[in-house]
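Q: Take a look at the letters that make up each chain.
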Amino acid sequence: MNVTVRPAGDQGALVELPDNGAALRLAGLLREERSDLLDVVIGHTTVLVTWAGEKPDLGDAVKRALVAEAGPAGRLVEIPVVYDGPDLDEVARLTGLSPEEVIARHTGAEHVAAFIGFQPGFAYLTGGDTLLHVPRRDAPRTRVPGGTVAIAGPYSGVYPRESPGGWRLLGSTSALMFDPAREPPALLAPGDRVRFVVA
Amino acid sequence: MTRIEVVTPGLLTTVQDRGRPGLAHLGVPPSGAADPVAYELGNRLVGNPDGAAALEATLDGPVLRFDAPTTVALTGATTPAVRTVEMLDVGRCVNGVRTYVCVRGGIDVEPVLGSRSTDLLTGLGPAPLRAGDVLRVGPAPSRAAGPGTVPGPALPDTPVLRVVPGPRDDWFAPDALEALCSEPWRVSSSSNRVGIRLEGPALERARHDELLSEGLVTGALQVPPSGQPILLLQDHPTTGGYPVIGVVRSDDVPLAGQLAPRQSVRFAIDG
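Line order of the protein sequences matches chains X and U. Sequential numbering of the first sequence, starting at 1, is according to my numbering. Sequential numbering of the second sequence, starting at 1, is according to my numbering.
These are computed hints drawn from the structure, not numbers from a lab. In this text, a Cβ means the ideal position worked out from N, Cα and C, and glycines have one as well. Keep in mind that the hints are not guaranteed to be accurate.
Here are a few chain U residues that face chain X, going by a calculated C-beta distance under 10 Å [what the hints assert, rightly or not]:
| id | residue |
| --- | --- |
| 1 | P21 |
| 2 | L121 |
| 3 | V163 |
| 4 | G166 |
| 5 | G215 |
| 6 | L216 |
| 7 | V217 |
| 8 | T218 |
| 9 | P237 |
| 10 | G241 |
| 11 | V244 |
| 12 | V247 |
| 13 | D251 |
| 14 | A268 |
So here's chain X without its partners, still in its complex pose:
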């Protein structure tokens, strides 16, 4: 299996892995075992590591991450959704489904939190129904309210707070995706399994 380690400045490296599962395993190993690393940031199929001191040797951890072992399945998190988003009808039109079928397919799939980015606590959820893979909007909205449940490309996600956004908005949730005063602050961690349920 192919792994490429690319420089990310003088104090960082980007490890390219074959898939999200390997990236999840490597990030988990490094976070657990390596106090010499500053940040371990999982991407879709990558792990970015940064350090402040000596350049670390990642070879052993990378080798072990490539051995696909059936690790413990991630936590299952249910997210209650009111499906009244402004793009529900458009998603139905784009997919040739009825709005009810869009909801059924969105709630019918088990998603996986592939990585977190864009905003604190914003998890990119993969594994959704492939019929719901719709492109982003051509013009992003300047304002998407916090708690909005949205889809774009292969992803589902929940906007943790009000922000600009180009995804298609299906509904909203009362789940608090990120709270700096909570431990852990983010509701979802990479590897968690997620089901959307009708609120």
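With the hints as your guide, set chain U onto chain X.
A: For chain U alone, kept in the frame of chain X given last:
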């Protein structure tokens, strides 16, 4: 306890410390002083412990009223800094865009996720200063304050920032790195703590498919479809889907934090 009243906030003044490193996997940007060298120097001058919070003024500094005699160091961009008995008028920044107002005892605002830094991207930490805000100063440290003045590093007219190629230099045309380093770039006025937008010849892509989102570091030169790179500063998003052609060396990132709108900057391949 000493208090500081914000008479006028200046163009943009935020509280900054060493930021929130180590939380990028939660989507939390690093934040922290955009010119960490100037910020650390100011804290040392007033005898503060490492990581004490300071004010970061941008382009045009605040007017502050102190209710008790206080030791303050100004570092980073030079300012006229008019001082009266109880007022400090920081004034306009020259030779850089960010001036640190380091107060002995540090700015005592509530930390969020271990830091007092304002994060302009995500809204974590205290809001930028507004007129009428009152800031508490922390207890004076045991260490004595340092000398009255120290020479600051001069900012050249066209600074040269050293760049480590990658991680995605292979997504660009073979001569794109050379193009990055051959001509000076102009700093766009729509630059902030999230990133510095650069104007110059468009960097040509060799690959046009979409990059899956991946982690980003401070100093990364991210290239959106326009071909005009964005140099990411401390409040950058933790992941992104535009390829990064190179990353400014960590030693040179403080210099990037002082780049002024419309000034020019050059890049040079490092190693």
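Q: Holds or violated: is the Cβ of U:G215 closer than 10 Å to a Cβ in chain X?
A: holds, 3 Å
Q: Checking hints one by one. Is U:V247 an interface residue toward chain X, by the C-beta closer than 10 Å rule?
A: holds, 3 Å
Q: A closest beta-carbon separation below 10 Å is what the hint needs, so does U:L121 meet it against chain X?
A: holds, 8 Å
Q: Can we keep the U:G241 interface hint, with Cβ of chain X closer than 10 Å?
A: Hint on U:G241: holds, closest Cβ of chain X at ~9 Å, below 10 Å.
Q: Was the hint right that U:A268 lines chain X, CB cutoff 10 Å?
A: Hint violated; U:A268 Cβ to chain X Cβ min 14 Å, cut 10 Å.
Q: Should the interface hint for U:L216 be scored as holding, given a Cβ-Cβ cut-off of 10 Å against chain X?
A: Given a least distance of 8 Å, the restraint on U:L216 holds.
Q: Does U:P21 pass the interface check with chain X, least Cβ-Cβ distance below 10 Å?
A: holds, 6 Å
Q: Go through the hint on U:D251 and say holds or violated, using the shortest Cβ distance to chain X against 10 Å.
A: Holds. Min distance 8 Å.
Q: Does the closest beta carbon of chain X sit nearer than 10 Å to the beta carbon of U:P237?
A: Result: holds, 6 Å to nearest chain X Cβ.
Q: Hint check: is the beta carbon of U:V163 less than 10 Å from a beta carbon of chain X?
A: Because about 9 Å separates U:V163 from the closest Cβ in chain X, which is inside the 10 Å limit, the hint holds.
Q: May I ask you to test the interface hint for U:G166 with respect to chain X, counting a Cβ-Cβ separation under 10 Å as satisfied?
A: Given a least distance of 4 Å, the restraint on U:G166 holds.
Q: Can the hint on U:T218 be confirmed by a CB-to-CB distance to chain X that is less than 10 Å?
A: At 8 Å from the nearest chain X Cβ, U:T218 passes the 10 Å test, so the hint holds.
Of the hints listed earlier, the one the structure fails to meet is number 14.
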